[in-house]
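K.L.:
One-letter residues, chain by chain:
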Amino acid sequence: MTRTPRRKAYGVKSAPYAFLVPATLLFLLFFALPIGYAVYLSFRRTEVKGLGLGKDAREEIWAGVANYTDALSDSELLDGALRILGYGAIVVPVMLGLALLFALLLDTDGLRARGFSRLAIFLPYAIPGVIAALMWGFLYLPDVSPFLYLLDAAGLPQPDLLDGGPLYLSLANIAVWGGTGFNMIVIYTSLRAIPAEVFEAARIDGCSQLQIALRIKIPMVAPSLILTFFFSIIATLQVFSEPTTLKPLTNSLSTTWSPLMKVYQDAFVNNDIHAAAAQAVIIALATLALSFGFLKAANSRTKQGDSR
Amino acid sequence: MSTPSLAAPGRRRLPLVPTAALFLGALYCLLPVVWVLVASTKSGSELFSTFTFLPGSGFTDNVADLTEYRDGVYWRWMANSAFYAGVGALLSTAVSAVSGYALAVYRFRGKETVFNILLAGVLMPPVILAVPQYLLLAQADMTDSYLSVLLPLILSPYGVYLARIYAAAAVPADVIEAGRMDGGGEWRIFRTIALPMMLPGLVTVFLFQFVAVWNNFLLPYIMLGDDEKFPVTLGLYTLLQQGSNTPALYTLVITGALLAIIPLIALFLVIQRFWSLDLLSGAVKS
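If you read the protein sequences in the order shown, they are chains U and F.
Read in order, the letters of the first sequence correspond to residues 1 to 308 in UniProt numbering.
Read in order, the letters of the second sequence correspond to residues 1 to 286 in UniProt numbering.
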C-alpha cells in the first residue's frame with residue numbers, strides 16, 4: 001500500500017468506511033435505535049389524569065426503576081422463566097447429545113446410505129418452526145395421533161400429550177426435531193476437518209473406534225460443541241413461535257407460557273408497552289449474562305485442558 | 001473421507017449398528033413430513049376416522065378447497081413469503097457481501113469494534129428489537145406494510161460474519177493489490193474481482209437468509225394486521241386458530257402446510273450440492 005500514489009492511498013483509506021455505510025445505517029435504524037428506545041420506554045410510565053377521558057388525559061412520565069421492580073416481582077414472568085429452564089434442561093442436552101451421536105456415526109467408515117441419512121436428519125432445518133409445531137401438534141392430537149392409536153390398540157392408557165408434564169416433552173420434541181440436524185452438520189463438518197493421520201496413529205496404537213470417538217474426536221470438536229451449545233441456549237430463551245402455534249390445540253398453554261409470550265401479551269394485548277419494554281430489557285440482559293458466563297466458563301475449561 | 005478404507009484391510013465389518021441408528025434418526029425426522037403428506041390426502045371426515053398413515057381420497061378436493069378459501073388468499077400468502085424471503089435474502093446478501101469484504105481485506109481504525117458491535121446483534125432477543133421496532137415504525141406510519149417486514153431483516157449479523165470469513169479465505173490480498181496496480185478503483189476491484197471469487201460463499205449466505213426469512217414468524221406476527229400481506233407461516237397460524245372452532249378447516253391447514261414446505265424442500269434438494277456446509281459452521285478449508 002505504501003507504493004500506491006497519494007491520491008489512491010486516500011481512496012483506499014476511505015473505501016472500507018464507504019463499504020460499511022449500508023450496514024451501519026441499518027444497524028443504527030433497526031438495532032441501536034430500537035434498543036435505545038426500549039431502554040427509554042422501560043423507565044417511563046403512563047399516568048392517567050382526572051377521569052382519564054379526553055385527549056390529554058394520559059401523560060407519559062418518568063417512572064424510575066418501577067417497571068423493573070414490577071417485572072422482577074411478577075409471578076407470571078418468573079413462572080415463564082422457570083418453565084423455560086425446565087424446557088431448556090430437556091431440549092439442550094437431548095438435542096446436542098443426538099447431534100453429536102449422529103455426527104460421530106456419520107463419520108464411521110463403510111457406512112451405508114450416508115448421504116440419505118445426513119440429508120433426512122438435516123431436512124427439518126428447512127421447515128418453519130410454525131409449520132413444525134403445527135405438524136407435531138396434529139400428531140399429538142388424540143383423534144389423529146398415530147402414537148395414541150398404537151397405545152390404544154395395545155390396550156395401554158393414552159397420556160394427554162398436550163397437558164402437564166407430557167406437554168413439556170411434546171414442546172421439547174419439536175425443538176429437538178427442528179434443531180438436531182443443523183447442529184449435527186456443524187459438528188460433522190469440524191469432525192471432517194481433523195487430519196486423518198491423527199486417527200491412523202491412534203489405530204496403530206490399538207485404539208478401538210469407540211476409544212477414538214471418546215478420546216480423540218469429541219475433544220477435538222469441543223469448539224463446535226461450545227458454539228452449538230451457545231446458540232442452543234440463546235434459541236431456548238427466545239422460544240415463541242412453537243408454543244404460540246400449539247396454543248389453539250390445547251387449553252393448558254397460557255398466553256404467558258414463555259417470557260417472550262409474556263412480553264408480547266403486555267405490549268400488544270394489555271397495551272402496557274412500558275412493562276413490556278422493561279421485561280424485554282431484563283430478558284436481553286439475562287441472555288447476555290448467560291452467554292458470556294457460558295463462554296467464559298468454556299474458555300477457562302479449554303485453557304485448563306491446554307495446560308495439562 | 002477422514003480415514004481411507006485401505007488403512008486396515010480385513011478387520012473391517014459392515015457397520016450395521018451405525019447405519020441402523022442413523023436410519024432411525026432419519027425416520028424420526030421424516031415422520032411428520034410423511035404424515036402431512038398422507039394427511040393431506042384425507043377428506044375432513046377421513047382425517048378423524050381412518051388410521052393416521054392410511055391415505056385418503058381427497059387430495060385434489062383439498063387443494064381445490066384451499067385455493068377457493070377466501071378467493072385464494074393462501075396463494076397470496078405463498079407469493080408474499082416468496083417475496084419477503086427472495087428480496088430480503090438478496091438485499092441481505094448484498095449488504096453482507098460489501099460489509100464482510102470490507103472487514104476482511106482492509107485494515108482500518110475501529111474495524112474490530114465495528115465487527116464486534118455487529119456480532120452483538122446476534123445476541124439480541126428478537127423481541128427486544130421487534131417491540132420497539134414496531135413502535136418506531138408505527139410513528140413513521142410504516143407498520144402493516146411490506147417494508148415493515150422486509151427492512152428490519154436486511155442486516156444479518158450472521159450473514160456479515162459468514163461473508164467476512166469467506167472473503168478472508170477466498171480473496172487473496174495480492175489479487176487485490178494487482179487490481180490496484182492496474183489502476184482499478186476500490187469499488188471496481190470489489191465488483192469485478194472479489195465478488196466473483198466470493199460467489200460460492202454468498203450462495204450460502206443467500207440460502208441461509210432465505211430460510212431464515214421464510215421461517216420467520218415473530219416479526220410479521222407483530223408488524224402485520226392485514227392478512228393480505230401475511231407470509232404463509234402467519235397465514236397458516238391464523239387458519240389453525242380458526243380451525244380450533246371449525247375443525248373442517250383442519251384439512252385446509254394440513255394441505256396448506258404440505259404445500260408450504262414443498263418449495264423449501266425442493267430448494268434444499270436442488271442446491272444442497274452448491275450449499276457449502278463448511279461455511280455454515282464457520283469453518284472454511286484453507
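One should not assume that every hint holds.
Label pairs and their in silico Cβ distance ranges [said to hold, decoys possible]:
id, chain 1, residue 1, chain 2, residue 2, range
1, F, D174, U, L25, 53 to 59 Å
2, U, R215, F, P196, 52 to 58 Å
3, F, D144, U, E60, 35 to 41 Å
4, U, P146, F, F23, 15 to 21 Å
5, F, S49, U, P157, 18 to 24 Å
6, U, R215, F, Q241, 48 to 54 Å
7, F, I117, U, G97, 31 to 37 Å
8, U, L214, F, P172, 37 to 43 Å
9, F, A266, U, E197, 39 to 45 Å
10, F, S49, U, N270, 55 to 61 Å
Treat the hints as calculated values from the structure; they're not laboratory data.
Here a beta-carbon is modelled for each residue, glycine too, at the ideal position from N, C-alpha and C.
K.L.:
Each hint should be assessed against the structure and marked as holding or not.
P.N.:
Hint check results:
Between D174(F) and L25(U) the beta carbon distance is about 32 Å. The supplied range of 53 to 59 Å is therefore violated. Our hint of 52 to 58 Å for R215(U) and P196(F) is violated, since their Cβ atoms are close to 44 Å apart. Distance hint check for D144(F) and E60(U): the Cβ-Cβ separation is about 24 Å, which falls outside the suggested range of 35 to 41 Å. The hinted window of 15 to 21 Å between P146(U) and F23(F) holds, with their beta carbons roughly 19 Å apart.
For the hinted restraint 18 to 24 Å between S49(F) and P157(U), the CB-CB distance of approximately 22 Å keeps it satisfied. About 52 Å separates the C-beta atoms of R215(U) and Q241(F), a value consistent with the hinted range of 48 to 54 Å. A hinted range of 31 to 37 Å for the beta carbons of I117(F) and G97(U) is consistent with their spacing of about 34 Å. Judged by the Cβ atoms, the range 37 to 43 Å given for L214(U) and P172(F) holds: they are separated by roughly 40 Å.
For A266(F) and E197(U), the Cβ-Cβ distance of about 40 Å falls inside the hinted range of 39 to 45 Å, so the restraint holds. Checked against the hint of 55 to 61 Å, the C-beta distance between S49(F) and N270(U) comes to roughly 42 Å, which is inconsistent with it.
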